[in-house]
Amino acid sequence: NAGVTQTPKFQVLKTGQSMTLQCAQDMNHEYMSWYRQDPGMGLRLIHYSVGAGITDQGEVPNGYNVSRSTTEDFPLRLLSAAPSQTSVYFCASSRQGTNQPQHFGDGTRLSIL
Amino acid sequence: GNSVTQMEGPVTLSEEAFLTINCTYTATGYPSLFWYVQYPGEGLQLLLKATKADDKGSNKGFEATYRKETTSFHLEKGSVQVSDSAVYFCALSAGGGTSYGKLTFGQGTILTVHP
Numbered sequence: 001n002a003g004v005t006q007t008p009k010f011q012v013l014k015t016g017q018s019m020t021l022q023c024a025q026d027m028n029h030e031y032m033s034w035y036r037q038d039p040g041m042g043l044r045l046i047h048y049s050v051g052a053g054i055t056d057q058g059e060v061p062n063g064y065n066v067s068r069s070t071t072e073d074f075p076l077r078l079l080s081a082a083p084s085q086t087s088v089y090f091c092a093s094s095r096q097g098t099n100q101p102q103h104f105g106d107g108t109r110l111s112i113l
Numbered sequence: 001g002n003s004v005t006q007m008e009g010p011v012t013l014s015e016e017a018f019l020t021i022n023c024t025y026t027a028t029g030y031p032s033l034f035w036y037v038q039y040p041g042e043g044l045q046l047l048l049k050a051t052k053a054d055d056k057g058s059n060k061g062f063e064a065t066y067r068k069e070t071t072s073f074h075l076e077k078g079s080v081q082v083s084d085s086a087v088y089f090c091a092l093s094a095g096g097g098t099s100y101g102k103l104t105f106g107q108g109t110i111l112t113v114h115p
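Protein sequence lines correspond, in order, to chains A and B.
FYI, in our numbering the residues of the first sequence are 1 to 113.
FYI, in our numbering the residues of the second sequence are 1 to 115.
Since the hints were derived computationally from the structure, they do not count as laboratory data.
A hint or two may mislead.
Partial list, derived from the structure: chain B residues whose beta carbon lies under 7 angstroms from chain A [claimed, not checked]:
id : residue
1  : F18
2  : S32
3  : L46
4  : A53
5  : D55
6  : G57
7  : S58
8  : N59
9  : Q107
Derived Cβ-Cβ restraints for the label pairs, each shown as a range [said to hold, decoys possible]:
id : chain 1 : residue 1 : chain 2 : residue 2 : range
10 : A       : P61       : B       : N59       : 40 to 46 angstroms
11 : A       : E59       : B       : S85       : 26 to 32 angstroms
12 : B       : E15       : A       : S69       : 48 to 54 angstroms
13 : B       : S3        : A       : M19       : 20 to 26 angstroms
14 : B       : S3        : A       : S69       : 16 to 22 angstroms
15 : A       : G16       : B       : T28       : 39 to 45 angstroms
From chain B, some residues computed to sit far from chain A (all C-beta separations above 12 angstroms) [claimed, not checked]:
id : residue
16 : Q6
17 : E8
18 : V11
19 : T12
20 : S14
21 : E16
22 : L19
23 : E42
24 : S79
25 : D84
26 : K102
27 : T104
Beta carbons are placed, not taken as given, at the ideal position from N, Cα and C, and that holds for glycine.
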């Protein structure tokens with residue numbers, strides 16, 4: 001059982017480049033989300049989805065796009081990378097319900113030069 | 001809006017010492033509360049949770065009690081081990097409708113345990 005799989009694990013980009021962070025889960029979870037982790041700030045929600053075809057913004061959505069065409073996949077796109085987007089990105093999934101724990105991937109460490 | 005405040009870190013302890021990491025929250029309604037742990041180079045893992053007032057979550061010797069009157073969810077362990085060295089995050093999940101599952105995190109507390 002793979003759980004939540006994120007690729008790549010590491011990436012270095014130049015300012016202005018675009019890229020897509022991949023996230024896939026095999027638990028048939030309705031809810032998926034993307035967080036960024038920055039020192040001293042915990043994790044902040046970027047975008048989330050409550051099911052295929054449904055997405056919404058989180059706390060820090062600017063500069064990022066998402067789509068949810070299938071239950072399993074939830075890619076995060078950086079449109080034009082900026083140094084402020086240097087961070088560790090985590091994808092998570094869960095069943096429906098506020099008391100359901102989130103299952104996290106191992107993260108993607110992204111550096112923007 | 002919702003918010004979570006954790007005690008300032010990092011925390012350094014000797015093996016077998018008692019651990020407390022404070023966590024207080026602000027939320028509308030009745031949130032579910034969680035502690036997640038992050039080991040070096042890994043994603044976050046659920047450590048324990050509590051979904052209503054006075055519930056006690058426990059796992060691997062760690063405990064936390066949902067205190068509505070003090071809006072707190074402090075993490076405790078009676079005797080820490082070197083293998084407990086990690087970053088600990090307090091988090092809450094609140095709201096209904098499409099808000100379900102959205103976590104609000106504290107800033108994290110780095111715990112280092114020395115032999």
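Structure-based check of all given hints:
The beta carbon of F18 of chain B is not positioned within 7 angstroms of any beta carbon in chain A (closest approach about 25 angstroms), and the interface hint is therefore violated. Interface restraint check: S32 of chain B against chain A, minimum CB-CB distance 4 angstroms, threshold 7 angstroms, status holds. Residue-level restraint check for L46 of chain B holds (minimum Cβ-Cβ distance to chain A is 4 angstroms; threshold 7 angstroms). Interface hint at A53 of chain B: violated, since its Cβ lies 13 angstroms from the closest Cβ of chain A, which is beyond the 7 angstroms cut-off.
Residue-level restraint check for D55 of chain B is violated (minimum Cβ-Cβ distance to chain A is 10 angstroms; threshold 7 angstroms). Here the hint on G57 of chain B is broken, as its CB sits about 11 angstroms from the closest CB of chain A, past 7 angstroms. A least Cβ separation of about 14 angstroms between S58 of chain B and chain A goes past the 7 angstroms threshold, and the interface hint is therefore violated. Restraint check, N59 of chain B versus chain A: the minimum CB separation of about 11 angstroms is more than 7 angstroms; hint violated.
For Q107 of chain B, the shortest C-beta to C-beta distance to chain A is roughly 5 angstroms, which falls under 7 angstroms, so the interface hint holds. Between P61 of chain A and N59 of chain B the C-beta distance comes to about 33 angstroms, which lies outside the given range of 40 to 46 angstroms. Distance hint check for E59 of chain A and S85 of chain B: the Cβ-Cβ separation is about 29 angstroms, which falls inside the suggested range of 26 to 32 angstroms. The hinted window of 48 to 54 angstroms between E15 of chain B and S69 of chain A holds, with their beta carbons roughly 49 angstroms apart.
Between S3 of chain B and M19 of chain A the beta carbons are some 32 angstroms apart, a value that contradicts the proposed interval 20 to 26 angstroms. For the pair S3 of chain B and S69 of chain A, the beta carbons lie near 34 angstroms from each other, so the given range of 16 to 22 angstroms is not met. Between G16 of chain A and T28 of chain B the beta carbon distance is about 40 angstroms. The supplied range of 39 to 45 angstroms therefore holds. Not every beta carbon of chain A lies more than 12 angstroms from that of Q6 of chain B, the smallest distance being close to 8 angstroms; the non-interface claim is violated.
Distance to chain A contradicts E8 of chain B as a non-interface residue, since its nearest Cβ pair spans about 10 angstroms, not more than 12 angstroms. V11 of chain B, annotated as away from the interface, keeps every beta carbon of chain A farther than 12 angstroms; the closest lies near 15 angstroms. The Cβ of T12 of chain B sits about 17 angstroms from the closest Cβ of chain A, beyond the 12 angstroms cut-off, so the non-interface label holds. The beta carbon of S14 of chain B sits about 25 angstroms from the closest Cβ of chain A, which is more than 12 angstroms, so the claim that it is off the interface holds.
The non-interface label for E16 of chain B is consistent with chain A: the shortest C-beta to C-beta separation is roughly 29 angstroms, beyond 12 angstroms. Once the 12 angstroms rule is applied to beta carbons, L19 of chain B is consistent with being away from chain A; the minimum gap is 19 angstroms. With a least beta-carbon separation of about 6 angstroms from chain A, E42 of chain B fails to lie farther than 12 angstroms from that chain, contradicting its non-interface assignment. S79 of chain B, annotated as away from the interface, keeps every beta carbon of chain A farther than 12 angstroms; the closest lies near 25 angstroms.
Chain A leaves D84 of chain B outside its interface by the beta-carbon criterion, the shortest separation being 19 angstroms against a cut-off of 12 angstroms. At the 12 angstroms boundary, the C-beta of K102 of chain B falls inside the reach of chain A, the nearest C-beta of that chain being 6 angstroms off. With a least CB separation of 8 angstroms from chain A, T104 of chain B falls inside the 12 angstroms interface cut-off, contrary to its annotation.
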